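**Student:** Using the sequences and the accompanying hints, generate a full structural model.
Start counting the sequence shown at 1; every next residue gets the next number (full-length UniProt numbering).
A couple of the hints might just be wrong.
Distance windows between CB atoms, simulated [unchecked claim]:
(1) 25 - 231: 38 to 48 Å
(2) 59 - 38: 18 to 28 Å
(3) 231 - 336: 27 to 37 Å
The hints are simulated quantities; they were obtained by calculation from the structure and are not laboratory data.
Just so you know, these numbers come straight off a predicted model, no measurement behind them.
Quick reminder that beta carbons are idealized off the backbone N, C-alpha and C, glycines included.
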Amino acid sequence: MRPPVAIGALGGTIASTSSATDGTEIVPTLTAQRLAAAVPGLAEIATVRAETLAQLPSPSLDEPTVMRTLAWAQAAVDDGAHGVVITQGTDTLEESAYLLDLFWDRPEPLVVTGAMRSPQAAGADGPANLLTAVRCAVAEGSRERGVLVAFDDELHQARWVAKTDSMSTSAFRSAVFGPIGRCVEGEVVYGVPPGRVPALRVPPGQRAGDPRVPLVATYLGDDGYVLEALLAGGLDRIDGVVIAGFGAGHVSARMADAVGRLAGELPVVFASRTGSGPTGRAMYGYPGSEIDLLARGAVGAGWLSPVKARLLLWALALRGPVGPADVAAEFELRGRP
Numbered sequence: 001m002r003p004p005v006a007i008g009a010l011g012g013t014i015a016s017t018s019s020a021t022d023g024t025e026i027v028p029t030l031t032a033q034r035l036a037a038a039v040p041g042l043a044e045i046a047t048v049r050a051e052t053l054a055q056l057p058s059p060s061l062d063e064p065t066v067m068r069t070l071a072w073a074q075a076a077v078d079d080g081a082h083g084v085v086i087t088q089g090t091d092t093l094e095e096s097a098y099l100l101d102l103f104w105d106r107p108e109p110l111v112v113t114g115a116m117r118s119p120q121a122a123g124a125d126g127p128a129n130l131l132t133a134v135r136c137a138v139a140e141g142s143r144e145r146g147v148l149v150a151f152d153d154e155l156h157q158a159r160w161v162a163k164t165d166s167m168s169t170s171a172f173r174s175a176v177f178g179p180i181g182r183c184v185e186g187e188v189v190y191g192v193p194p195g196r197v198p199a200l201r202v203p204p205g206q207r208a209g210d211p212r213v214p215l216v217a218t219y220l221g222d223d224g225y226v227l228e229a230l231l232a233g234g235l236d237r238i239d240g241v242v243i244a245g246f247g248a249g250h251v252s253a254r255m256a257d258a259v260g261r262l263a264g265e266l267p268v269v270f271a272s273r274t275g276s277g278p279t280g281r282a283m284y285g286y287p288g289s290e291i292d293l294l295a296r297g298a299v300g301a302g303w304l305s306p307v308k309a310r311l312l313l314w315a316l317a318l319r320g321p322v323g324p325a326d327v328a329a330e331f332e333l334r335g336r337p
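**Tutor:** Structure follows, in structure tokens:
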């Protein structure tokens, strides 16, 4: 008997079609059932239950939609699914996958995938990616790995994967640690043993979407204007701030002053905007360096990218106000390999 797999569709390029003769101006229109029906050989791998959860372009996804998707995926597993596949747009896929991963507490695989080319395009990659994702969802070796991203026959951990190209079908990469597996001739092969960081608990009765955690990227000549504006505007509607800093998480001396004042009021996390490598701990000592920011009460994101550091801080804030010690402990646990 073929193992049952639940497929939830959120929209994106993988589900987008065009009414134009040249195939431009695509928008999400295809249902989950039509996506699954278009994949050759899928019925030979799994018994699929496909459901359309949303038909949104990737930039319009938000945390409440992802949290509802999480609840749907958990219910699908509790109802007997051997694994779950989520299809969505690629622009926010690395973020959705990581937010799901933070709360995914089941041993069954939850696999996220999408496409860079629409179904009407020559060489559409959606069917192949969906087939790989389902193969991953039914593979015994995929259990106890948290949320995975399947793209271009590669399997990535949600914590490390990022979209690194705006157009290529090989857009997703795990810059430092690489993919953890591949799908070769229909077989899912992993190069590392199972294992994951314990999942966070969703607070009972908490309305997903309450926290507000801005992400501020620094730049040449940054004088801290944006952080000063946040301070001046009042912090009653902000639950924390993540800063995408230079190099190992550095900011200018003037911005460091604003970081210190902000960190006295709410959690501030600094991450590296480079796309690879961790924040520093003890190398530089000038104003705005990692040593200086830590001394001012900010927390380093470790190996997490700025967008994923923001999601972790958002997830922590979902449980209510969090102190500096709790934030530091969670980033120490989840921001390292």
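**Student:** Can the suggested window of 27 to 37 Å be confirmed for the beta-carbon pair residue 231 and residue 336?
**Tutor:** holds (31 Å)
**Student:** Indicate whether the distance between the beta carbons of residue 25 and residue 231 respects the range 38 to 48 Å.
**Tutor:** Given about 43 Å between the Cβ atoms, the range holds.
**Student:** Return holds or violated for the Cβ distance of residue 59 and residue 38 against the range 18 to 28 Å.
**Tutor:** holds (24 Å)
No hint from the list above goes unmet by this structure.
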